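Protein chains: 2
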Amino acid sequence: MQLRNQVEWALHCCAVLAGLPEGARLSTRVLAEFHGVPKDYLSKALQNLAQAGLIEGSLGPSGGYRLGRPAAEISFLDVVEAVEGAGRSFACTEIRCNSPCLAEDHKPRGPCQIARVMWQADAAWRRELQAVTLSELVATLAQELPADQLTAAAEWMAERAGR
Amino acid sequence: MQLRNQVEWALHCCAVLAGLPEGARLSTRVLAEFHGVPKDYLSKALQNLAQAGLIEGSLGPSGGYRLGRPAAEISFLDVVEAVEGAGRSFACTEIRCNSPCLAEDHKPRGPCQIARVMWQADAAWRRELQAVTLSELVATLAQELPADQLTAAAEWMAERAGR
Ligand code: FES
Ligand code: FES
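Residue numbers (the working numbering), protein chains in the order written: chain A, 147 to 309; chain R, 147 to 309.
Bound conformation, chain A alone (with noise of 0.2 Å):
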């Protein structure tokens, strides 16, 4: 079971837009040369979170994507479902109604045993995902990465950022 790259790609934009000072964009081309991804597989990473109101985007020469939403309100599940889809990891298909030894008109009552197991985990994962939120993170990168880091890096998305 493994996520698709635009995962990791979509927190990171989330968390560059998240660190924008107020009313500044980036455009798709900004963001893929800044994290060193191809353009257009990002492009629709960006869109999937344009749907889903995490990120706004405006057209014309200045503009670009600023988060839909405070950061504070957007979690990492967020961007995790507008990226993946938010159906569960596990999908019971029901083979417990195959057995040759039930009745005709056999119901079974309520979700499988194994299933019930399986989407309790799922809810575990989404519960540690909807916990942090992109505000934390970015609480987190000021205080972890280097002070030169964070300058070099905002000083670069100044001089590209649309308004």
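Please keep in mind that the hints were generated in silico from the structure rather than gathered at the bench. Here the structure is a predicted model, which means the values were calculated and not measured. By construction, the Cβ of each residue, glycine as well, lies at the ideal position given by its N, Cα and C atoms. Hints are not guaranteed to be accurate.
[To be verified] Label pairs and their computed distance ranges (CB to CB):
#, chain 1, residue 1, chain 2, residue 2, range
1, R, 257, A, 198, 21 to 29 Å
2, R, 182, A, 276, 33 to 41 Å
3, A, 170, R, 238, 23 to 31 Å
4, R, 219, A, 185, 45 to 53 Å
5, A, 257, R, 215, 49 to 57 Å
[Unchecked claim] Residues from chain R that keep clear of chain A, each with C-beta distances beyond 10 Å, as calculated:
#, residue
6, 198
7, 208
8, 217
9, 275
Go by the hints and put chain R with the ligands onto chain A.
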């Protein structure tokens, strides 16, 4: 992010094998018939379980599979990892190192903050799956399934089991 259908099949096969009387074995054909799934695809999943030591096969006309160790020592996680592999669901490709603002010889300290959150969530998922064993599953099934259904299944198996 979606697990293979074989995970559902493998878990159900393990539940059946965990419920067999001491010494009994079931062939791939019988397990496929009971679950109504294609024998050839199931065969691959059973081979994965055998490679992981969770089940143990024997050849010959009365051959088949039985558990490779006590049901209390096999967790959902063991079964899922045997079929899906034990790799983390999130792979970090270190895109943070692609930034044009970094010095040529930049070496990041420790794993990326984003990867850490994703791996914590992955660990929470695995913890849940590790916490439930096949013997707990069999106990729940025995409690929750109608008695006549359990008896019918046990008789159907007994007629087809090898030793
Ligand atoms: S029938 Fe789908 S998990 Fe049991
Ligand atoms: S560099 Fe891979 S998740 Fe941040």
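Hint check results:
Distance hint for residue 257 of chain R and residue 198 of chain A: a CB-CB separation of about 26 Å, consistent with the stated range 21 to 29 Å. For residue 182 of chain R and residue 276 of chain A, the hinted distance range of 33 to 41 Å is satisfied, since their beta carbons lie about 36 Å from each other. A beta carbon spacing of about 27 Å between residue 170 of chain A and residue 238 of chain R agrees with the range 23 to 31 Å that was offered as a hint. Judged by the Cβ atoms, the range 45 to 53 Å given for residue 219 of chain R and residue 185 of chain A holds: they are separated by roughly 50 Å.
About 28 Å separates the C-beta atoms of residue 257 of chain A and residue 215 of chain R, a value inconsistent with the hinted range of 49 to 57 Å. With 10 Å as the threshold on Cβ separation, the claim that residue 198 of chain R sits away from chain A holds: the shortest Cβ distance comes to roughly 16 Å. Annotated as non-interface, residue 208 of chain R keeps its C-beta farther than 10 Å from every C-beta of chain A; the closest such distance is 21 Å. Every CB of chain A is more than 10 Å from the CB of residue 217 of chain R (nearest about 14 Å), matching its label as outside the interface.
The Cβ of residue 275 of chain R sits about 5 Å from the closest Cβ of chain A, inside the 10 Å cut-off, so the non-interface label is violated.
Hints 5 and 9 from the earlier list are contradicted by this structure; the remaining hints agree with it.
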